[in-house]
Amino acid sequence: MAAAPLSSSSAEPTAARIEQLRRQLGALEAPGGHPGECSALLALGNPAIDGALGGGLGLSALHEIAAAREAEVAAASGFALALAARMMSWRGASAAIANSWQAREDARAVSLPASTRNVIWIAEEFSLVENGALYGPALDGIGIASERLITVTAARMRDVLWAMEESLRCRAVGMVIGEMRPRGIDQVATRRLALAAAGGNALGLILYTAPDDAPSAAVTRWIIGAASPLNAERGHGIGPPRLLARLARNRRGPLGTWIVEWNSVEQRFELATHSEPVAGAAFDRPHRTAVA
Amino acid sequence: MTDRIARQWREAPSPLVVFGKRGNLDLLLAIDVAAERLGLAAGLALAQARAMHPTLAAVPEDQDADARLLDAIANACHRYTPLVAVDPPDGILLDIGGCAHLFGGEEKLRDDLLARMMRLGLSARAAVAATIGAASAAARFGDVATTADASRDARERLAPLPLAALRLSDETVAALARLGLKRIGDILDLPRAPLAARFGADLLRQMDRALGREDEPLTPRLPIPHYLAEKSFHEPITREEDVLACVERLAARLKTALTARGDGARRLELALFRTDGAVKRIAVGTSRPLRDPQAVRALFVERLAALGDEIDPGFGFDLARLSVLNAETCADEQIGLGTREDQAGLDRLIDRLSARLGRRRVSRLVARDSHIPELAAASVPAQAMTPAEFGWDTFRRFRAEAGLSQRPLRLLAKPEPIAEVFALVPDGPPARFRWRRALHEVVRAEGPERIEGAWWSEEGGPARDYFHVEDTAGLRFWLFRAGLYRDTALSPPRWFMHGLYA
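Residue numbers (this note's numbering), protein chains in the order written: chain V, 3 to 294; chain B, 2 to 503.
Worth double-checking, as some hints may not be accurate.
As the list claims (entries may be wrong) - Straight-line distance between alpha carbons at most 25 angstroms, and here's what the computed SDA-like set of lysine to any residue pairs gives: (1) Lys415/B <-> Ile144/V; (2) Lys232/B <-> Ala306/B; (3) Lys415/B <-> Ala157/V.
Hints listed in this document are in silico derivations from the structure and should not be mistaken for laboratory results.
Work out the full structure: start from the sequences and follow the hints.
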């Protein structure tokens, strides 16, 4: 604020000046859990979902993913790892899809050097016993560069939260995924994590092993489950991971439910609308016209 | 020149003896001063001693406890020198060459050591001599006042001592005694060849070692650090902040030494010597050579936080020593190149996480050269790794060439047996199965992928047929049948759950 020159304050306020002040305000408010417009976004690579998110998941912010039920932790971790894969191969503005929000994305294309795109996966030991540990040979298939993944196990929930907070503050980390049971974490803890995320440049992701509806400081909450196969598909080969993704909380836009498939070659989510008529979300999807 | 101190200890509360079985007899092994005044001596039969003094308090020996005490004392002796060796059953050897002057000379060091032992309620004898043999002989058998006088000639000092002081076997000592040879002086000038022929080479070797004619190495009980810095306190410190401040000061001193040699620390140990003789050792590792005192302090902050109450300062620490256990060449760093800074930031994070949670809990995934699923990948402490060793490039090439099927995202630590498996054809995928009490109806399946165990070892067990199946809810599993139906004569095949797909 002190940097604002005196002469400009006496000049007639222009639209540009107001816009600048607005941005400054936004930046000031950012640590409070509302990431300002200036923050970079991690797009999911799908216009419908990214549209609902206003471009993608904000970096320097906390997000939550919950498994639809405990048996579906693998599906939820698949979703989280797919996001991690997108983080590792950060494309920023170069994504193939062109539409209105993408244009905005272009305008503030953020370059993220490879050295800052490390992913840290933190899990409670209990959960690893219950749900299995990440298996290296599979990560490659999702598109994760295992060289840039660090796994941390902790005996107690407290240590998971501490490790997440520390990792979120590190500038060399692009994404921090903390796997935990929903019961042990309260709003103070999520608030701390959100603040830590706002201070760094990493995307914080809490991966709950079961759904939870407690209030939290996260910007979005996803409930991820496995999408059941259609009758027509019985007896056929098993395709790419197909997930039922429900955006259950979104501070920046509408909610929605999608059935998505992870395209590991192009590293983006694709809507599996052909298989499930209910996939259409209850909001306007301008990209449809843009593509046509 | 190398100096040594050999010490001896005994337990000493009220009139008390310690006994133990030697041969068929319960013998007195150690006695306290009060018992000595009663006319008892070590080596006496317990029955005889009890006949003489029916009220005698006798406790059976506990060799483990003795060894532990000896080890604890040896630990406390590290305050004098890093070269400390345990000389069982009752001695500790210190190599004080080059460090005696720090305590005001050999005599002062010995006095300080004895005073410390006395305060701990231990009666000890100590002697300084030029060889291990001479020091041990003087401490155990000598009149400390005269024999420990380092200025006198080793021959002269050893001559009046009994032959047992040469660390010989009992039989040798007894055989020599039968010939009237009782003191070391008796054999010093005898012809060597007949002595060796009659009593073995050991006699001559022990004599030569005591006289310094043959070198005897000291085997330190702990590795000798490459660098160390220490600070002693007149007023013992107890607070964590004081310890950390001290760590930072010591690290600053180490930095000078490390920089001079172009090294950085990979593993550091902080030894805190408590006034009552206990020693706390706290080690931290780093993922890259480290010199920065602030960073060293930060690591110990995490370590101390993780240890919590385990660091019991008692009445305080009066000596702190920071040593570098592993050092590595550390290139001087440039500042301002983004990538390097990020890497350094990541390394610092790994170090802090490792210090707090434990080295093994912060890991990287590494590909291993094995076709058995659970052996194909491993977690290796992130601190120990450099990216070149991960092996994923090799794995990717192999995967592309072999057309490896998609693997499950999460692998269970141990394959879990599944029950009520119902397969349509004997070698086909299951149509339904029960796992963790839930019944799963399979709608889609891929497989089998047969993975044989290694024929040259038992590793991996019988052949496995893996199936990738999906149930009605869309859950995807990786399960296998161990054993083939054609081998049912041996044992029926069993089914296991091994992994979960997204």
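Hints versus structure:
1. Lys415/B <-> Ile144/V: Holds: Lys415/B and Ile144/V sit about 23 angstroms apart, inside 25 angstroms.
2. Lys232/B <-> Ala306/B: The given pair, whose Cα atoms are some 22 angstroms apart, holds under the 25 angstroms limit.
3. Lys415/B <-> Ala157/V: Within the cut-off at roughly 19 angstroms; holds.
Hint check: no violations occur; every hint is consistent with the structure.
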